[in-house]
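K.L.:
These protein sequence lines are chains Y and W, in that order.
Counting from 14, one number per residue, gives the positions in the first sequence under my numbering.
Counting from -16, one number per residue, gives the positions in the second sequence under my numbering.
None of these hints come from the bench; they were simulated from the model.
Mixed in with the good hints there might be a few duds.
Unchecked claim - List time: in silico SDA-like cross-link candidates among lysine to any residue, alpha-carbon distance up to 20 Å:
(1) Lys55(Y) <-> Thr27(W)
(2) Lys123(Y) <-> Asp178(Y)
(3) Lys42(W) <-> Asp46(Y)
(4) Lys303(Y) <-> Glu292(Y)
(5) Lys43(W) <-> Thr315(Y)
(6) Lys303(Y) <-> Ala287(Y)
(7) Lys48(Y) <-> Glu(-12)(W)
(8) Lys43(W) <-> Gly137(Y)
(9) Lys48(Y) <-> Asp(-11)(W)
(10) Lys265(Y) <-> Ala284(Y)
(11) Lys357(Y) <-> Ile17(Y)
(12) Lys31(W) <-> Lys43(W)
(13) Lys48(Y) <-> Ala(-13)(W)
(14) Lys43(W) <-> Cys314(Y)
(15) Lys43(W) <-> Asp178(Y)
(16) Lys42(W) <-> Lys55(Y)
(17) Lys123(Y) <-> Met110(Y)
(18) Lys48(Y) <-> Lys43(W)
To be verified - Away from chain Y, derived, C-beta distances all over 12 Å, residues of chain W:
(19) Leu11
(20) Gln12
(21) Gly18
(22) Leu19
(23) Asp25
(24) Gln28
(25) Lys31
(26) Ser39
(27) Asp46
(28) Asp53
(29) Glu58
Source: prediction; values computed, not measured.
Glycine residues also receive a C-beta, built at the ideal position from the N, C-alpha and C atoms.
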Amino acid sequence: MRSITYREAIHEALMQEMGRDSSIFIYGIDVADHKRIFGSTKGLLEKFGPQRCFSTPLSEDAMTGFGCGAALNGLHPVHVHMRVDFMLLAMNQLANMISSYRYSTGGLCKVPMVIRAVIGKGWGQSFQHSKTMHSCFAHIPGIKVVMPSTPNEAKGCLISALRDDNPVIVIEHRLLYDVVGEVPADPVPFPLGKAKVLKTGAAVTVVAVSLMNVEAIKAAEILARKHHVHIEVIDPVSITPLDEETIVASVKKTGRCIVADNDWVHCGFGAEVASRIHERCFGALKDPVKRLGFAPVPCPCTRPLEDAFYCNAIHIIRCVETMLKLAPCDLSGEEFYSYENKFKGPF
Amino acid sequence: VGIAEDFDAGYRSRDEFETWKKRDPLALQRKKLIGLGVREDDITQLEKDIRNQVESSMKKAQDAPFPDGDELCREVV
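The shape of chain Y in the complex, shown without the other chains (with noise of 0.2 Å):
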């Protein structure tokens, strides 16, 4: 199979499903502009048309319900956001409006939308660029909420949700969009509600969010190699709906379980599944759930703080070492924040 970017891979469901159905529209900040939200919508301008491909002024309240009237009408917008923070002026639209009309008339109107929004880290993001806030999202009823990321889910992902006839919610990482990795040219839905095991292993499981599976990938090769222990890697990829029995079997078979969010702790996406977890495989479990996630502070600007906010693949194993009663393994001859590094802009 052929292997191509997350970038593309947005841009490729895009192409596809625009042009399979022609209720779908695109537009927010910047869609239609010479940059095309870091090439994922280009050349849908130039193919679709500016009735299909638009960008708006920065009004994402107003824009949010602009789409829900489409959607209500039975067209398909897709809004995006370049970054999720951003969303936040939208609250009302979401929490009040786009996710209870379906409910609230008893299935009468339904709100087909997709909102694409971008979590952005390093090169000074700072507190007003960094924010993932999927808890937040999660926690509304009638909205889903999913987190691709690899190249062939974030394909996959976007065309479910375009497919869907409920509000889904995509949060791409910006960090992710340069990952290359195998996708297959025909559009394939990837099903939302549906986890996936990123790498096997009977030690622990590592439940991971976003980016945070780059870093739970490395974490399991050098605990690999330095300790012979093999952790269990589980991608959720979809927070609502979520796969609560791919995480409860493989942790049924583990007995231990760390969640690594790309989020704050405190009342976070850790908190939900430790407790389903707690619920489900209380007699399994030989430690309790450990939660990792962000510091609890607004994202610092500068690299060095910046370094101490972000959990990482060293936090992942000095868990995994207490975990299991190891001693700490040197890490000085391993190389760490190689996304971080790699990227060169711009954002």
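Based on these hints, arrange chain W on the given structure of chain Y.
P.N.:
Chain W in isolation, oriented as in the chain Y frame:
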């Protein structure tokens, strides 16, 4: 990050930029203050002082060491 004088990228035309530049609020405010009787020399001096402050602050920041990791949790609440 953000738009610059990259007019060839097609984001905005030079004409549009020039039109809005004529309405630059800083230039308009300067004109307004002079009209109200503020001495032009005083405005020029003020502009110079501000520029110096910005430049010295930039230099101070660039010459300063990076913060220690233990500063991470300062002044959250």
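K.L.:
Now tell me if each hint is right for this structure.
P.N.:
Hints and how they fare:
Our distance criterion of 20 Å between C-alpha atoms is broken by Lys55(Y) and Thr27(W), whose separation comes to about 47 Å. As the CA atoms of Lys123(Y) and Asp178(Y) are separated by approximately 7 Å, the hinted pair is consistent with the 20 Å bound. Distance check on the hinted pair: Lys42(W) and Asp46(Y) sit about 35 Å apart at the alpha-carbon level, beyond 20 Å; violated. Annotation: proposed proximity of Lys303(Y) to Glu292(Y) holds, straight-line Cα distance about 15 Å (limit 20 Å).
Among the hinted pairs, Lys43(W) with Thr315(Y) is consistent with the structure: their alpha-carbon atoms are about 15 Å apart, no more than 20 Å. Restraint check: the Cα-Cα separation between Lys303(Y) and Ala287(Y) comes to about 8 Å, which is no more than 20 Å; the hinted pair holds. This hinted pair checks out: Lys48(Y) and Glu(-12)(W) have alpha carbons roughly 15 Å apart, not beyond 20 Å. Distance restraint check for Lys43(W) and Gly137(Y): the Cα-Cα separation of roughly 18 Å lies within the 20 Å cut-off, and the hinted pair is therefore satisfied.
Using a Cα cut-off of 20 Å, the hinted pair Lys48(Y) and Asp(-11)(W) holds, with the two alpha carbons roughly 12 Å apart. With a C-alpha separation of about 18 Å, the suggested pair Lys265(Y) and Ala284(Y) falls inside the 20 Å cut-off, and the hint holds. Restraint check: the Cα-Cα separation between Lys357(Y) and Ile17(Y) comes to about 19 Å, which is no more than 20 Å; the hinted pair holds. Of the supplied pair hints, the one linking Lys31(W) and Lys43(W) holds, its CA atoms being roughly 18 Å apart against a limit of 20 Å.
Distance hint between Lys48(Y) and Ala(-13)(W) is fulfilled; the C-alpha atoms sit about 13 Å from each other, no more than 20 Å. Between Lys43(W) and Cys314(Y) the alpha-carbon distance is near 17 Å, which keeps this suggested pair within the 20 Å criterion. A distance of roughly 55 Å separates the Cα atoms of Lys43(W) and Asp178(Y); the hinted pair therefore is violated under the 20 Å criterion. Pair hint Lys42(W) plus Lys55(Y) does not hold up; C-alpha atoms about 40 Å apart against a cutoff of 20 Å.
Using a Cα cut-off of 20 Å, the hinted pair Lys123(Y) and Met110(Y) holds, with the two alpha carbons roughly 11 Å apart. For a cut-off of 20 Å, the pair hint linking Lys48(Y) to Lys43(W) is broken: about 35 Å separates their Cα positions. Non-interface call for Leu11(W) relative to chain Y: holds, since the shortest CB-CB distance, roughly 23 Å, exceeds 12 Å. No Cβ of chain Y approaches the Cβ of Gln12(W) within 12 Å, the least distance being about 24 Å, so the stated non-interface status holds.
Remark: the non-interface label on Gly18(W) is consistent with the geometry, its nearest Cβ contact in chain Y lying 33 Å away (cut-off 12 Å). The non-interface label for Leu19(W) is consistent with chain Y: the shortest C-beta to C-beta separation is roughly 33 Å, beyond 12 Å. Every beta carbon of chain Y lies more than 12 Å from that of Asp25(W), the smallest distance being close to 36 Å; the non-interface claim holds. Every beta carbon of chain Y lies more than 12 Å from that of Gln28(W), the smallest distance being close to 33 Å; the non-interface claim holds.
Consistency note on Lys31(W): stated as away from chain Y, and its beta-carbon is indeed over 12 Å from all of that chain's, at 29 Å minimum. Every Cβ of chain Y is farther than 12 Å from the Cβ of Ser39(W); the closest lies at roughly 20 Å, confirming the non-interface assignment. Residue-level check passed: Asp46(W) sits 14 Å from the nearest beta carbon of chain Y, beyond 12 Å. A Cβ of chain Y approaches the Cβ of Asp53(W) within 12 Å, the least distance being about 9 Å, so the stated non-interface status is violated.
Distance to chain Y contradicts Glu58(W) as a non-interface residue, since its nearest Cβ pair spans about 9 Å, not more than 12 Å.
The structure does not agree with the numbered hints 1, 3, 15, 16, 18, 28, 29 stated previously, though it agrees with the rest.
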